[in-house]
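Knowing the structure of chain R, use the given hints to seat chain D on it.
Protein chains in written order, with the numbering used here: chain R, 1 to 114; chain D, 1 to 113.
Do not take every clue at face value.
With a Cα cut of at most 25 Å, we get these calculated SDA-like pairs of lysine to any residue [said to hold, decoys possible]:
#1 R:K42 to D:Q44
#2 R:K106 to R:N18
#3 R:K68 to R:P82
#4 R:K106 to D:Q17
#5 R:K1 to D:K13
#6 R:K42 to D:L110
#7 R:K1 to D:G58
Since the hints were derived computationally from the structure, they do not count as laboratory data. The model shown is predicted, which means the values in this text are computed figures rather than measured ones.
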Amino acid sequence: KQEVTQIPAALSVPEGENLVLNCSFTDSAIYNLQWFRQDPGKGLTSLLLIQSSQREQTSGRLNASLDKSSGRSTLYIAASQPGDSATYLCAVANYGGSQGNLIFGKGTKLSVKP
Amino acid sequence: DAGVTQSPTHLIKTRGQQVTLRCSPISGHKSVSWYQQVLGQGPQFIFQYYEKEERGRGNFPDRFSARQFPNYSSELNVNALLLGDSALYLCASSTPSGHYEQYFGPGTRLTVT
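Pulled out of the complex, with its shape left as it was, chain R reads as follows (with noise of 0.2 Å):
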């Protein structure tokens, strides 16, 4: 049974600092990864997806890379600010499995200070 786990569950940093965000998954077979960003009571919103045969994407400030073999993904946001607050949210679609059907982490929960 697939799951997954993001480290750490909760992370305060300065505002300008660069960061990682962590998440493990148990079966390496795996279709995808998405992360996404959730703000309090909203929905989710994708920031990146990477598909099995992909190492890394990138958008602006953001870096997102997979090790199937390990099972590991990391978020790396550059130059952090007020506006990156928010709970980021790792998911995986199984290999085989229906494509629909994510695994969620439980999220990291991120404050960035002014």
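Then chain D, alone, in the frame of chain R:
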């Protein structure tokens, strides 16, 4: 382009009642998935529909049911509501040409009293 839309935004129901939640996917997306998110947890998968057929079902009781319409919009029904059904219900749409990248709606907040 409009994103995924969900209605209603908020809903308060009493134990034992029934509720219907609605979702409209992004134009051109034929896959719709439903998730339940309780406070402090990641979303949990309930159902996926693709071209009106059920493609996946999560570990939820039979009180939960869904369907997809010819225009690819979807409804999630929950019968005999329990206090534990209180949660944010999220809908996501995707398309194979987009590698099934999931796009989520704003959610429906259901409170059961």
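Checked hints:
1. R:K42 to D:Q44: This hinted pair holds, its Cα atoms lying about 16 Å apart.
2. R:K106 to R:N18: 22 Å, holds
3. R:K68 to R:P82: 32 Å, violated
4. R:K106 to D:Q17: The given pair, whose Cα atoms are some 30 Å apart, is violated under the 25 Å limit.
5. R:K1 to D:K13: 34 Å, violated
6. R:K42 to D:L110: Holds. R:K42 to D:L110 sits at ~13 Å (cutoff 25 Å).
7. R:K1 to D:G58: 13 Å, holds
When each numbered hint is compared with the structure, violations occur for hints 3, 4, 5.
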